[in-house]
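J.: One letter stands for each residue in the lines below.
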Amino acid sequence: MEWFGANSFNFEFVSSVLQINNIQKSYGSVRALNGVSLQVPEGSVYGILGPNGSGKTTLLGILMSVLRAQHGSFDWFDGRYGDGYRKKIGCLLETPNFYQYLSGEENLRITVSISERGDEADIERVLKLVGLYERRKHRFATYSLGMKQRLAIGAALLGNPGVLVLDEPTNGLDPVGIAEIRDLIRSLRQAGHTIVIASHLLDEVEKVCTHVAILKKGNVLTDGPVTDVLMDEDVVELDATDREGLRSFLLTQSLTLETDKETGWIRLRFPKGQAKLEELNRTCMQQGIALTHLSLRRKKLETRFFELTND
Amino acid sequence: MKIAPLLYTEWLKVRRYWAFWGIFALVLIAYPGISYLFYTGYQDIRSSNNKMDAMLKLMVGSPFGFPEVWHTLAYIASFLVFIPGVLVIMLITNEYQYRTQRQNILDGWKRDEFLWAKFWVVAALSILLTIVYALVVLVTGFVNPDMALAGIEVKSYYIGLFALITFNQLTIAFLFGFLLKRALLALGFFLFYFLIPENILIQLSRWRWHTGNWYHYLPMEASDRLIPPPPYLGEITNPADYKQMLQAIPEHILISVAYTGLFWLFCFWWLRRRDLT
Chain A
1 MEWFGANSFN
11 FEFVSSVLQI
21 NNIQKSYGSV
31 RALNGVSLQV
41 PEGSVYGILG
51 PNGSGKTTLL
61 GILMSVLRAQ
71 HGSFDWFDGR
81 YGDGYRKKIG
91 CLLETPNFYQ
101 YLSGEENLRI
111 TVSISERGDE
121 ADIERVLKLV
131 GLYERRKHRF
141 ATYSLGMKQR
151 LAIGAALLGN
161 PGVLVLDEPT
171 NGLDPVGIAE
181 IRDLIRSLRQ
191 AGHTIVIASH
201 LLDEVEKVCT
211 HVAILKKGNV
221 LTDGPVTDVL
231 MDEDVVELDA
241 TDREGLRSFL
251 LTQSLTLETD
261 KETGWIRLRF
271 PKGQAKLEEL
281 NRTCMQQGIA
291 LTHLSLRRKK
301 LETRFFELTN
311 D
Chain B
1001 MKIAPLLYTE
1011 WLKVRRYWAF
1021 WGIFALVLIA
1031 YPGISYLFYT
1041 GYQDIRSSNN
1051 KMDAMLKLMV
1061 GSPFGFPEVW
1071 HTLAYIASFL
1081 VFIPGVLVIM
1091 LITNEYQYRT
1101 QRQNILDGWK
1111 RDEFLWAKFW
1121 VVAALSILLT
1131 IVYALVVLVT
1141 GFVNPDMALA
1151 GIEVKSYYIG
1161 LFALITFNQL
1171 TIAFLFGFLL
1181 KRALLALGFF
1191 LFYFLIPENI
1201 LIQLSRWRWH
1211 TGNWYHYLPM
1221 EASDRLIPPP
1231 PYLGEITNPA
1241 DYKQMLQAIP
1251 EHILISVAYT
1261 GLFWLFCFWW
1271 LRRRDLT
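Chains as they are written, first to last, in our numbering: chain A, 1 to 311; chain B, 1001 to 1277.
It should be emphasised that the hints constitute simulated quantities derived from the structure, not laboratory data.
Among the clues, some could well be false.
Said to hold, decoys possible - Simulated restraints on C-beta separations:
{"hint": "1", "chain 1": "B", "residue 1": "F1142", "chain 2": "A", "residue 2": "T95", "range": "28 to 36 Å"}
{"hint": "2", "chain 1": "B", "residue 1": "R1182", "chain 2": "A", "residue 2": "D228", "range": "20 to 28 Å"}
{"hint": "3", "chain 1": "A", "residue 1": "N22", "chain 2": "B", "residue 2": "R1182", "range": "47 to 55 Å"}
{"hint": "4", "chain 1": "A", "residue 1": "R80", "chain 2": "B", "residue 2": "R1273", "range": "35 to 43 Å"}
{"hint": "5", "chain 1": "B", "residue 1": "I1045", "chain 2": "A", "residue 2": "E120", "range": "29 to 37 Å"}
{"hint": "6", "chain 1": "B", "residue 1": "W1021", "chain 2": "A", "residue 2": "E134", "range": "26 to 34 Å"}
{"hint": "7", "chain 1": "A", "residue 1": "G84", "chain 2": "B", "residue 2": "M1245", "range": "44 to 52 Å"}
As the list claims (entries may be wrong) - Quick list of in silico lysine-lysine cross-link-like pairs, DSSO-like style, CA-CA up to 27 Å:
{"hint": "8", "chain 1": "A", "residue 1": "K148", "chain 2": "A", "residue 2": "K87"}
{"hint": "9", "chain 1": "A", "residue 1": "K272", "chain 2": "A", "residue 2": "K300"}
{"hint": "10", "chain 1": "A", "residue 1": "K148", "chain 2": "A", "residue 2": "K128"}
{"hint": "11", "chain 1": "A", "residue 1": "K300", "chain 2": "A", "residue 2": "K261"}
{"hint": "12", "chain 1": "A", "residue 1": "K300", "chain 2": "A", "residue 2": "K207"}
{"hint": "13", "chain 1": "B", "residue 1": "K1155", "chain 2": "A", "residue 2": "K87"}
{"hint": "14", "chain 1": "A", "residue 1": "K148", "chain 2": "B", "residue 2": "K1002"}
{"hint": "15", "chain 1": "B", "residue 1": "K1002", "chain 2": "B", "residue 2": "K1155"}
{"hint": "16", "chain 1": "A", "residue 1": "K207", "chain 2": "A", "residue 2": "K137"}
{"hint": "17", "chain 1": "B", "residue 1": "K1057", "chain 2": "A", "residue 2": "K87"}
{"hint": "18", "chain 1": "A", "residue 1": "K216", "chain 2": "A", "residue 2": "K299"}
{"hint": "19", "chain 1": "A", "residue 1": "K148", "chain 2": "B", "residue 2": "K1057"}
Backbone N, C-alpha and C define an ideal beta-carbon position, used for all residues, glycine too.
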């Protein structure tokens, strides 16, 4: 499915789409955000991750001006649109909010009227894009949760905005729907859109994000390009026909070995940037051990996430 | 800030909202309906016998003929503001119920724009109701056998007073909906306030406490005093008081405008600083 046309979106070049400086927010005695500072580069897919109550939605709510921060500041598009910046951003925050008594199509007309993004033809385009064209005349109240979510995504895509803010965009969707949203995000990224996405589906985020920030109890534990965040150390996986010979040799090199339970491969850990695969391969060859598998493996996002967020 | 796009968006919200149009139809029926009820009742009494006709003419003049009909119907219709008040409460509480006030901001409106849109809806509704009132007055005045066209424009200033009382009391309805967020709760409190607390305070002050006329300045009472009872009702009970009431209308115009402005300013101030959840 082609999610995205070749038409260019309305967005002028800026190196950083969003700059967040020391945002703090409390609800009574509970500190929801504790000095969050981030920078979202143009063209990135920026994943904001965190367990429930980590402050993801609060942060997005502040960035979209529906919540007020007690301290700190943020700048969209280098502040060039002032308070009108939200018209340049397609946004889905938490649950889809529409007028229950109106049809999907009529609801999108209201979005167009307020955001000044898109027109009648665009409404038709996004309804087809999210698979709701046949149900466009039906009242929103009759939609399933997945359909409501699709309509909200459609609304965010109206007018082809350069920036999208998506909070749990796959909520309520079936596996096919989730895969379609993943494809959509990839297409948008390829077309140069910047996407800020909060999700608890780590696998999905890992597949689509270029950058990630992990939040816990209102603090940023880590942030940056996905490769940097995930590869906090070098993990090398290797195997040979003579697996025991390989194991014995590596032990003589004073290396700590682990074994992958599923594959049986041997795993070695090195400080970040210090694994030298070519040298390792050559040394093994010199010992008469022919490697059948050798790879520098990055951690699964899930693994890294739990490492960071578990106390 | 352009008014037309705001009103257009609000129009899109209600265009196919059948519950809204149902109550709106009730409003449109209620204004001429209650006028017709009073008018026919008056005509029935007059036509019951010649003596009664002569006596009524002597005592009340021609309440449904020009120019007095402007005053008579403004007074009667001012009791019906709670019906369009229901519409106003529906429109604002719906935004909370569906969380669309938050969505409107996410889609790009500034918080002030959201409130300005509602302000203009309340203003448009007040103008529309004033037009309905004026049409009912004109029709009643023209079909009345006592019609004296020469006086048609005299007392037509009640159009302005009716518009102000309507806008003021619809603003109070909006305030209840805006602060209480839930339709039934807001409606209950609005109707309760419309009918009971001020009236109790007024009666206590007048007949028991004897604490002066401070109650003239209560929000609903101040706007009620924009349209005092017609002379044949007011003068009979206490001519001196009635004269004073008429003379105080300009003062109550100022008070009503001040209250209305204050209520809207409060809404803007409130919305600017709070989290939209």
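J.: With reference to the structure, classify each hint as holding or not holding.
T.: Okay, the hints, checked on the actual structure:
In this structure the hint that B:F1142 and A:T95 lie 28 to 36 Å apart at CB is violated, the actual value being about 55 Å. The supplied range of 20 to 28 Å is broken by B:R1182 and A:D228, whose beta-carbon atoms lie about 49 Å from each other. Look at A:N22 against B:R1182: about 37 Å separates their beta carbons, and that is not inside 47 to 55 Å. Against the hinted window of 35 to 43 Å, the Cβ-Cβ separation of A:R80 and B:R1273 comes to about 26 Å, which falls outside the hint.
Checking the proposed 29 to 37 Å range against B:I1045 and A:E120 shows it is violated: the Cβ atoms sit about 59 Å from each other. For the pair B:W1021 and A:E134, the beta carbons lie near 27 Å from each other, so the given range of 26 to 34 Å is met. The supplied range of 44 to 52 Å is met by A:G84 and B:M1245, whose beta-carbon atoms lie about 50 Å from each other. Between the alpha carbons of A:K148 and A:K87 the distance comes to roughly 21 Å, so the proposed pair stays at or under 27 Å and holds.
Restraint check: the Cα-Cα separation between A:K272 and A:K300 comes to about 16 Å, which is no more than 27 Å; the hinted pair holds. Proximity of A:K148 to A:K128 is assessed by CA-CA distance (about 14 Å); at most 27 Å being required, the pair is judged to hold. At most 27 Å may separate the alpha-carbon atoms for a hinted pair to count; A:K300 and A:K261 meet this at roughly 16 Å. For a cut-off of 27 Å, the pair hint linking A:K300 to A:K207 stands: about 11 Å separates their Cα positions.
Restraint check for B:K1155 and A:K87: not satisfied, since their Cα atoms lie roughly 49 Å apart, outside the 27 Å limit. Using a Cα cut-off of 27 Å, the hinted pair A:K148 and B:K1002 is violated, with the two alpha carbons roughly 31 Å apart. Of the supplied pair hints, the one linking B:K1002 and B:K1155 is violated, its CA atoms being roughly 34 Å apart against a limit of 27 Å. Distance check on the hinted pair: A:K207 and A:K137 sit about 35 Å apart at the alpha-carbon level, beyond 27 Å; violated.
Taking the CA atoms of B:K1057 and A:K87, the gap is about 65 Å. The hint is violated against a cut of 27 Å. Between A:K216 and A:K299, the direct Cα distance comes to roughly 20 Å. Compliance with the 27 Å bound is thereby established for this hinted pair. Using a Cα cut-off of 27 Å, the hinted pair A:K148 and B:K1057 is violated, with the two alpha carbons roughly 66 Å apart.
When each numbered hint is compared with the structure, violations occur for hints 1, 2, 3, 4, 5, 13, 14, 15, 16, 17 and 19.
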